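Protein sequence lines correspond, in order, to chains A and B. Sequential numbering from 1 applies to the first sequence in full-length UniProt numbering. Sequential numbering from 1 applies to the second sequence in full-length UniProt numbering.
Bear in mind the hints are in silico, worked out from the structure with no lab data behind them. Predicted model only: the values in this text are computed from it and were never measured. Possibly wrong hints are sitting among the right ones.
Straight-line Cα separation of at most 16 Å, EDC-like style, residue types lysine to aspartate or glutamate; simulated pairs [to be verified]:
#1 A/Lys375 - B/Asp366
#2 A/Lys186 - A/Asp164
#3 B/Lys374 - B/Asp429
#4 A/Lys315 - A/Asp451
#5 A/Lys520 - A/Asp481
#6 B/Lys374 - A/Asp367
#7 B/Lys397 - A/Asp605
#8 B/Lys160 - B/Asp132
#9 A/Lys186 - A/Asp277
#10 A/Lys316 - B/Glu287
#11 B/Lys478 - B/Asp429
#12 A/Lys186 - B/Asp607
#13 A/Lys128 - A/Asp481
#14 B/Lys576 - B/Asp366
#15 A/Lys577 - A/Asp263
#16 A/Lys520 - A/Glu543
#17 A/Lys398 - B/Asp602
#18 A/Lys315 - B/Glu287
#19 A/Lys128 - A/Asp164
#20 A/Lys363 - A/Asp391
#21 B/Lys120 - B/Asp143
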Amino acid sequence: PDEAARGWDQVVSPDDDDCSSLLSRLGSDSPRPRMKYGGMFCSVEGAFENKTLNFDTFSPQTQRRRATRTQTGSCDGGDGGQGQMPSRNNRDEQDDAAAPPVNHRAVSPAMMRGLQQLGDRLIIKGGKIVNDDQSFYADVYIEDGTIKQIGENLIVPSDVRTVDAYGQLVIPGGIDANTNLHSPQKGLNPADDLYQGTRAALSGGTTTIMDHVLVEPGTSLLSVFDQWRETAEQKACCDFSLHLDVARWHEGLYEELETLVKDKGVNSFLFFMAYKDRCQSSDSQLYEAFGVLRHLGAIAQVHAENGDIINEEQKKLLCFGITGPEGHVLSHPEEVETEAVYRAITIAKQANCPLYVTKVMSKSAADVIANSRKKGIVVYGEPITASLATDGSHYWSKDWATAAAFVMSPPLNPDPSTPQYLTSLLACGDLQVTSSAHGSFSTAQKAIGKDDFTLIPEGTNGIEERMSVVWDRAVSTGKMDENEFVAVTSTNAAKLFNIYPKKGRIAEGCDADVVVWNPKETKTVSAQTHNLTVEVNILEGLELRGVASVVISGGRVVVEDGKLNVTEGSGRFVPRKAFPDAVYRRIRARSKMAEARGVPRGNYDGPVHDVISMTKSSGPRNLHQSGFTLSGAQIDDHIPRRSTQRIVAPPGGRSNITSLS
Amino acid sequence: MSDCRRQWNREDELPVYLAGPIATGPNQRKSFGMFSSVEGAFESKTIDFDNYAVGRKGSRTPRSGSRERLLDAGGAVGKTSSQARQGSLSDPPGEQDDARAGVEVRLSPGVDSADGQSEKLLIRGGRVVNDDQSLYADVYIEDGLIKQVGENLVVPGGVKVIEANGRMVIPGGIDVNTCLMKSYLGNRPVDDFFQGTKAALAGGTTMIIDHVTPQPGDSLLMAFEHWQEAADKKACCDYSLHVDIPQWDETVKYELELLVQEKGINSFQVYMAYKDVYQMSDSQLYEAFTFLKQLGAVVLVHAENGDLIAQEQRKILGMGITGPEGHPLSRPEELEAEAVFRAITLGNRVNCPVYITKVMSKSAADTITQARRKGSVVFGEPITASLATDGSHYWSKNWAKAAAYVTSPPLSPDPTTPDHLNTLLACGDLQVVGSAHCAYSLSQKAIGKDDFTLIPEGTNGVEERMGFVWDKAVAMGKMDENQFVAVTSTNAAKIFNLYPRKGRIAVGSDADVVIWDPDSTKTISAKNQQSASEYNIFEGLECRGGSALVLSQGRVVYEEGKLQAQQGAGRFIPCKPFPDYAYQRVKFRNQVKQGVTRGMYDGPVHDVAPMAKYITPSPSARTSPTFNQPPPIRNLHQSNFSLSGAQIDDYIPRRSGHRIVAPPGGRSNITSLG
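Make a model of the complete structure from these sequences and hints.
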């Protein structure tokens, strides 16, 4: 054990070095207002210094090839359990290229094993355990990745590592219900992949993420899912689960959905009401899909924005000559979000399907959700880190890079009172889950849209700051109590997505995803110090109260004293069963009630008017239709085609045949 | 069917007054057994079912009861007084003359009033009520115009004097929503322009705005001319027209421009319902709104979510519900409110005034209210039916009765709806009262006897409109008389740019004047209505307030139960674009947004791997995207020509790609073709 402890120190020392060198550069640690650095086009000062930003790795295809190669190489050497470790070291080396060379290679597999053994038995002492229902003082004993005992004066083995939590809170690890760490946009992979993203998540106190699997139209849900899961298992440092984003619904997907729900552990599917001509679903499609999801016991998620209107507005704004990021927020006005939320709720109500609205960004959208809940509709709303912490005024920043960094859909609301308002609704239970919608793209990636805001990849960071933002905005302002804090950051998500009580609770038998939360400490968000690769942090300069001082993921300490010690690929996939009780109990009861009954009447025997032309609107089936084409896209594709055109003056003059029918 | 007709025919041959007295109490709503129409409803009607049968229209000589024929012959007096009110034994219009000091018409010698036409008229001793104020004044009318308003008017001799005896003198009502010629599967409503405007006049409405409803593919212009021609021949009161846009494409734009600039149309209806027929997608709506705003027209929206309705209808038919109760079940209130919300959002984005026709539910009305509070330029129009009755009747055991209520959006089954809508109307959150009058006969409704989706939609209400607003809002103390004038007439005139020619009693305005009697009560019944339909959805409701005398274009057309409408007397009133009432605010809001001026971004730009341009077919309103997914690239093989017609497996939804697990003939070794 002693040796192992030393090993531990050695392992964490590089990070330590890193931090101290950083801190020395930072100058003062004193709380400071949000600062703006430099003038035009300046990224945050020093943001690149501790980054490994290597553009080659982000260009499509080449990404991660190197890492994979080394990984497979080292896998052969190590034993099965720790096969991933060396690759992690490689990765660290890559990431910390700017940092002084450190003795990574000194960590031998034996030491790593020792570390794991050590991590397997833990006792958290002196903390106040906070669940969503109650708080109490107790110690927590963790073994084999699960919580074994809770209570005072526990009898535990002697070689147990003790985590001191005196004066701090012991809370279930956060669950981030919405991340986009692997879904490409416009052919670009996010700057923070599943490794970087989960690493940042852990450092912020989030121990489970739910990533969105984007399925392009025309590809098989299952194969994409399998691929995604494989990638995530290789890279993720914390437990993960997956939502599926269905870009285009058709009835043929039913079987795949069924397999995913029943065999693959997916119980939530996202549909887009925006992104016209790419992912948008029509109302009919949503209704059908929601019906299927209800049948399967899954939760429908929507990206709620009216894509039709956005599309028109974008065209209009580009015509006006507005090409900068402010065009994004102008073309995605609040109402468009509100309208879509309203429509989604209407559809869900009709289909009697539970609905989860991702990314609630505006007051009016939140109001619609709150009002519908008051009417008894099973709908859940998810504000995100960005919408709780900042507003959309930055879209008008003179610095293109700053403005572009905020680009996401729905956009942050320019109304500066939005964060306050959303926090209040979160505190009173009208909104239920906080997530990050983390999907970060580097400035160079965002710059694809430098001349056209519609091309800017959408996504902001937030995975790391999420818990602290909620604490700072809601708990330390007195809006929310600590139990509610646990509910909105972890327990509610676990309940909705049916991983409760495995996750989202500190109780005997639960997963040992535990965070020791220090409510007194503060930290200042900066692109310099965050654990992401992107060089801009949209919360730059925000001072946040409440910090995760120790994070335990799967029974292992991954964050301690500000030092991050993660293992790439240590995250496990968390399957989720269908029919989550928290959601479906009401739905079940309603399906029974909702059966409409007709009025038994005799047959109408009065006169019936004759119908002259019973024209069927759909017309005969077109047996000529074929998916095969030699022609491809045509030059006049953009002109809407009419079914019939009356040619008043045909070329060659009129003919005498006036009608063929 | 034949049984019924025979029965009716027999009754038709009986002397009408022998049909038997009825003892309906004033307030009791009575239902008369299964499938029976309202007792006696046909008695004072000229409905001749043979007339409506296809192909045989007019082939028979009209029976003696057929008054239309008489009128066609050119008689200005529509009904002889004996015919007009025979059925209404309990209703004492005849007695009123002697019993009460009602409106009294004195004729000076030398005035020709044989055809009800009077060049010069003086309404004396009435209280003139406009939307802004009420005052005691006399009104002098000459040549169809109001020439003087005031006390102690100096008028020429030979003037016909109407003594109002302190009653209200109000501007004639304007019914902004009628469908008197809307054909359904080739069937015209039984109330055409003649019957409909006659009913309007009897109810105190002196102008209607009818919907021109072309079918998809029809020329709007031709439809408009067709409507105008028919209305010019038949309408008894002034009229104007809305044009419905059945589908949005490039050709429509030209016609719209022409209609606005040359034909005097300033309002167009778009549909968010009727999937695969009239429904427009949000993109199309956005375009349409943008275009209509440039023309200065008012956009009328039929607000219901057609996609969901189509789905619900399929579901409900699948459950075996085929009766009229399926209609409200498939069109729940939420779908209306949702579409209203969306229409308003679109209107806000385009910055275009939006007018919601037929506000039928509380939540739709609330949505409008909230939007107005946020500053949206939106107008809401409840209709007679939604103000006076509710949708509980859809569950009536009597199919005919239930079917009579079928209209879209449906009447809300919530019985508190009328009250709520009246309250909003009184406080100005809803602005205009229409009737959405579109009366189909029972046999026409019966087209949908086995499938509620086929029931022609429409209820009556043009005649009862003013009366019910008075009864439900003013007589209840919710609304004052000025607001009454506003919602029944003035607001409509303002929105559609007819003000102050219509909708006001002022010097120079058209002499469409109603003397309103707040004390009269009548019981609504199909027997004594002017409408030709054999059913009245307000059957048995008692209504306080009614018109005592109606002047249209300066002529007395209705007086104490006697209607003297003249067919073809109605004129088309052109509406100019850019009504101030709707467009003033819009003009101010039309300011171009400014971008941020920045230098050029000169940082690194990521390379984009070339991606195949992928064009998703828009979720068009006209095809179900689920079933007919057109391939992403343009299909040059597509043809409208087909030798095959309907196929036996048409009902099976076609999927774009089937994975054949066990193909016939066994699996092949080729695993992928690329």
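Given hint aspartate 277 of chain A paired with lysine 186 of chain A - CA-CA distance at most 16 Å = 13 Å, holds
Distance restraint between lysine 186 of chain A and aspartate 607 of chain B, which requires alpha-carbon spacing of 16 Å or less = This hinted pair holds, its Cα atoms lying about 11 Å apart.
Please work out if lysine 576 of chain B and aspartate 366 of chain B have their alpha carbons no farther apart than 16 Å.
-> Status violated; Cα separation ~30 Å.
With a cut-off of 16 Å on the C-alpha distance, tell me whether lysine 374 of chain B and aspartate 429 of chain B pass.
-> Judged against 16 Å, a Cα distance of about 12 Å means the pair holds.
Does the alpha-carbon distance linking lysine 520 of chain A and glutamate 543 of chain A stay inside the 16 Å limit?
-> Status holds; Cα separation ~12 Å.
Lysine 128 of chain A paired with aspartate 164 of chain A [C-alpha distance capped at 16 Å] = Satisfied, since the Cα-Cα distance of roughly 11 Å is no more than 16 Å.
Are the Cα positions of lysine 398 of chain A and aspartate 602 of chain B separated by 16 Å at most?
-> 14 Å, holds
Take a quick look at whether lysine 128 of chain A and aspartate 481 of chain A sit within 16 Å of each other, Cα to Cα.
-> Distance ~14 Å between lysine 128 of chain A and aspartate 481 of chain A Cα, so the pair holds.
Quick one, are lysine 120 of chain B and aspartate 143 of chain B close enough, alpha carbons at most 16 Å?
-> Since the Cα atoms of lysine 120 of chain B and aspartate 143 of chain B sit roughly 7 Å apart, the hinted pair holds (cutoff 16 Å).
Decide if the proposed pair is consistent with the structure: lysine 375 of chain A and aspartate 366 of chain B, CA atoms, cutoff 16 Å inclusive.
-> Judged against 16 Å, a Cα distance of about 14 Å means the pair holds.
Given the hint that lysine 186 of chain A pairs with aspartate 164 of chain A, test it: the Cα-Cα distance must not exceed 16 Å.
-> Measuring from Cα to Cα gives roughly 47 Å; hence the hint is violated.
Keeping to a limit of 16 Å between CA atoms, is the pair of lysine 363 of chain A and aspartate 391 of chain A held or broken?
-> Answer holds: lysine 363 of chain A to aspartate 391 of chain A is near 12 Å, not above 16 Å.
The structure fails to meet hints 2, 8, 14 from the earlier list, while all remaining hints are met.
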